[in-house]
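Mind docking chain B on chain A? Use the hints.
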Amino acid sequence: MMFETILFFAFSAVLVGAALGVVLARNPVYSALLLVVCFFNSAVIWLMLDAEFLGIVLVLVYVGAVMVLFLFVVMMLDVNLEELRKGLAGYWPIAAAVAGLMVFAILNVVITKRLGGIALHAAPPLPPGYSNTQALGEALFTRYAYPAQLAAVILLVASIAAIVLTLRHRTGVKPQNVGEQVRVSAKDRVRLVKMPSEKRP
Amino acid sequence: MWTWEPIRAWLSSLITSYWANPALTAVQILMVMIGVILVMAFYTLAERKIIGWMQSRRGPNRVNLFWVPGLGQPFADVVKLLFKEILVPGNANQLLFRVAPFLTMIPALAIWSVIPFAPEKAFANIDAGLLFILAMTSLGVYGVILAGWSANSKYAFLGAMRSAAQIVAYEIAMGFAMVGVLMAAGSLNIGRIIEAQHGGPLSWNWFWLFPLLIVYYISGVAETNRAPFDVAEGESEIVAGFHVDYSGMAFALFFIAEYVNMILISALTVIFFFGGWLSPFDGYLPASSLLAQPGFFWFGLKTLVPMFGFLWLRATFPRYRYDQIMRLGWKALIPVTLVWLFVEGVLIYCHVGPWKGHI
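Here the protein sequences line up with chains A and B, keeping their order. Residues in the first sequence are numbered from -11 upward in steps of one, following the numbering used here. Residues in the second sequence are numbered from 9 upward in steps of one, following the numbering used here.
Bound-form chain A, shown alone (with noise of 0.2 Å):
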């Protein structure tokens, strides 16, 4: 129990100053790495709450998808920060305010347990033999079965508008067609023929 609470602290604190360094980071690549980590963290510590299908999972889609396409993005465009940075300073009442609600909401629960009344001790120990990831898919799968696929059309019908909104049809381009290439076979192409040499003149 000791050796959990040194961890769970261990890796809380290198959370918390990753997620200060994803703010605080000069070069946005920095940024982006620095998300990375923050994420890597809390699925350890999802992993420590015996909860392995989700702390998995979080590695899976946003450290593996959609943090690299961030830093794809960030390494392609060519971020002038003096630019950015100009009139960012005139913006802190309004940042301050923000960040000021969303830490009274987070003290509001945490410590005067009003909302919810959420405990602030240990998880309770699962029984033998449980298994995360299945208690999930039986949940998913039986009594939220309809929630679940609706929530898979609202994304694909996402995906397909994103498809929709960024196609270009140009005109002007010699655009390749494929399946012609791959269809084309060697007597389309080489012609063989027969030519009687000739005599020295």
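You can take every hint at face value.
Facing chain A, a subset of chain B residues (Cβ under 7 Å, in silico):
1) A136
2) L139
3) F140
4) A143
5) S146
6) I153
7) W157
8) L196
9) R335
Far from chain B, some chain A residues (derived; all Cβ distances over 12 Å):
10) F(-1)
11) S0
12) Y79
13) A85
14) A93
15) P115
16) T130
17) V141
18) I142
19) L143
20) V152
21) R156
22) H157
23) G160
24) S173
25) L180
Stretch by stretch, here's where chain B covers chain A in the computed footprint (C-beta under 8 Å, at least three residues):
26) 40 to 47
27) 50 to 62
Honestly, the hints are just simulated from the structure, not real lab data. Glycine included, every Cβ here is placed at the ideal spot set by N, Cα and C.
Leaving out everything else, chain B in the frame of chain A:
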């Protein structure tokens, strides 16, 4: 029967018994890592020899070991790379340039923790083992992207972009092929995926999931950036891709990670489609006979076949054009997996085929 008990006892006499278990785990981790690295070292030699024979050449034959010409080549290469200076370009991002090789190497080795080498012989027998493998393979792309970006060179950046797009695209087809495997086994646990295939070669997954096997192997080749999908290196176009500016051991780490990943993809192909450590005579010979016993022997033997396939592909096929790689991934492999997942669902529903995971 071999157990770890004597070693555990020896370790606890050496240090306190409280630390004996972590120490034992460390010893086991070292054993697997050294084993994997040794296999990788001789795999590079096998690659050069086999491709040499396929192209009517001799391959490396200068460095002798135990009087076998060429057998010492991997060690000569290691010594050469160790003594080379590691250059860091002046305008490179100093920190990320140095971190990137490790980010490629660590996930490649971490996946071995969930691979069962023999019945009940895996470090972590976790329930979401398949997901762990997917998550870890998707991490390898960070090393590639960061290496390409931090070097501050056009060629490296182009290589990184190509490689990242390719890995992200083929991961989807790979994931779908794995979905087919877990449907057949009814579990995400790697041990149970293998056990669900027992009963001889015809009840291994390759027979009923043949299209998924093909898709998995092709995407495996593409994931590891091997020929014919090695546009990320593309010597003739972009010099050497994302690791142009690396030298010495820093380059060797990328090289080792690539080969370890190839061995890993081979091992996973065997686990998912060829029954892992199950014996091919299982169900044909009586269960008491020596050949029908499951074990590491069969796992290792079967893994050599897809490993040879990697080399064979490299010696045979010319490099794909980049748009054709993308076309193959998105327009050919993903539809094939989707169709076969539907077919598999119908087969399971109608109880056609073995599907032992579903009783």
